[in-house]
Amino acid sequence: MNATAETQPQPVAENEALVMARRRRAQKLQILSLFALVIVLPLAVRNSYYIHVIIFIGLNLILATGLNLLMGYAGQVSLGHAAFFGIGAYASGILTATYGWNAWPAMLAALVVTCLVAWLVGRPTLRLKGHYLAMATLGVGIIVSVVLRQWVDLTGGPAGMKTTGITTFGWELRSDADVHYYYFVWGWVCVLTILFANLVESRPGRALRALHDSELAAQILGIDTAAFKVRAFVISAAYASIAGTLYAHSSMRFISPTPFGFQTSIALLVMVVLGGQGTLWGPVVGAVTITFIQEFLRPFGEWEIVVYGLILMVLMVVMPGGLARGLGMLWHWGRERVGRLRAARAGGGA
Amino acid sequence: MLRLTSIDASYGRVQALRGISLHVGEGEIVTLIGANGAGKSTTLEVISGLIRAGSGTIAFDDQDVTSWRPGRLVRAGIAHVPEGREIFGSLTVEDNLMLGSYSRPRSEREQIASDLQAQYERFPRLHERRRQLAGSLSGGEQQMLALARGLMSRPKLLMLDEPSLGLAPIIAQQFLAEVQKLREEGLTVLLVEQNARAALRIADRGYVVETGRIVLEGTARDLLDNPEVQRAYLGRAYGEIWE
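Order-wise, the sequence lines are chains A and B.
Numbering (numbering that gives the first Met the number 0) for the first sequence: 0 to 349.
Numbering (numbering that gives the first Met the number 0) for the second sequence: 0 to 242.
It is worth saying that the hints were derived from the structure and are not from the lab.
Hints are supplied without guarantee of correctness; some may be wrong.
Stated by the list, open to error - Every beta carbon over 12 angstroms from chain B, so not counted as near; a handful from chain A, in silico:
{"#": "1", "residue": "D212"}
{"#": "2", "residue": "L220"}
{"#": "3", "residue": "S250"}
Claimed, not checked - To give a feel for the contact side, a few chain B residues facing chain A, derived at Cβ under 8 angstroms:
{"#": "4", "residue": "Y10"}
{"#": "5", "residue": "G53"}
{"#": "6", "residue": "V64"}
{"#": "7", "residue": "S66"}
{"#": "8", "residue": "W67"}
{"#": "9", "residue": "G70"}
{"#": "10", "residue": "D94"}
{"#": "11", "residue": "P104"}
We treat Cβ as the ideally placed atom computed from N, Cα and C, and that holds for glycine.
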């Protein structure tokens, strides 16, 4: 702690303060521009196939955002997140189609069932150190997938089942107007993204990030780390359940066990890692990229999983922080370069 | 203020503590010295509720706190600054400090804000860097942050685990001087150190821990003069290097 060390770092600290404030403001702006884009997009994209793809991006985004809370903030991995997606879809699908419920209470019931399952799985496993949750969720994924296929009376088995639309105060989302459904899904995306952004910046969010950095220190300060991890897990399952309900009542009016299998769980994992864990925009980048890849790879069937593996491998080497961070860094680097070039030119001119 | 009576503790099948008994009086600086793996850190972890004692009792402020969980112990006034600092590297310095007050009720919000200012006055360097990520601080600054974070819970008893580990000798000395200042302000300190000489210099009393047992106890002066301690922990020949 000599004189040079005392005087030198000060400008750095000043800079950091500005950077942080600017980043908060930028984040708000980014979310607002996402809303704007969502509102205008259907005016530009008239093709109903693309609208359909964008709806899927929205559903994947909800799923990935939930998983991001678990992976990027609580530091845990779920290998069976598609199961919660499936429970959400089938619970509300069965309640509406078989028992004639309205879709809204069915959504709520599905949410309760999913959270309960997540809590029952998370509570015992998250008390243990290490990746026991990953193992347990892998099991849940398999069990749910088997139940959906085998309990034919209830779920219709591998052939799937018909579902109904969503009716709000007598007003039904029609199956022939994808744009309505588009706005409905993306409305949910916006609400859930804002919720996520607020949660992460709140006091519990801070505690969650703290336990990701040092579980020991978090415990010492009186943070109940196991309870926080369980909560993060239940919330991430709740996000999946909502996405499931939205999927069940989509304009297809049909669900089958296929989208709720292991393949989807892995795809979600790749979305989060690809986009960048622990960032607000990671899931967005991941969901957009992976949904498009899925669409392009549709003709190749099972090669999908090979491509995921390759993406993960390349990414770990090239951009271990994920695309959102990597692109951000690239952007800053480019701006600095341009700035330096301009300065050099100005200097040369004078 | 703090009294441990024949505490046993184990990690799975490995027994780490065998009948540890010690006490810390109000306003004292007490140090635990001993080799790596002797059970010093484990003792602190048992006190702060991270590890359950297999048998024995812990009393704090005339209350039996043996089975209390960490959060309740923090509220009762025990702060633990862990080995290796364990700061939250991806959060800002200020977030780290605010997390130090996590267990305090929201009604104390104003009190917490003024405590935050007090920490900034104590460590101006942390104030300069309050919006920086804690992971970007130097080792000495991180140790300051870990200490300040511990103080944000308004403890009566401060437990420090190897605070001088990995610090340049001069920084370590400044840190221990800070600890002495805290004691003058009325804090009680339980200090675990491998640098036994530095620890005994500022301590009132000390315990020597070996393989989970306390093998020697006494005033800091007596321990410094004890030939056995000098041979095993003060390494007379190395003594000059530490100065």
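Verification of the hints:
no.	hint	verdict
1	D212	violated, 4 angstroms
2	L220	violated, 5 angstroms
3	S250	holds, 42 angstroms
4	Y10	violated, 12 angstroms
5	G53	violated, 19 angstroms
6	V64	violated, 14 angstroms
7	S66	violated, 16 angstroms
8	W67	violated, 11 angstroms
9	G70	holds, 3 angstroms
10	D94	holds, 6 angstroms
11	P104	violated, 12 angstroms
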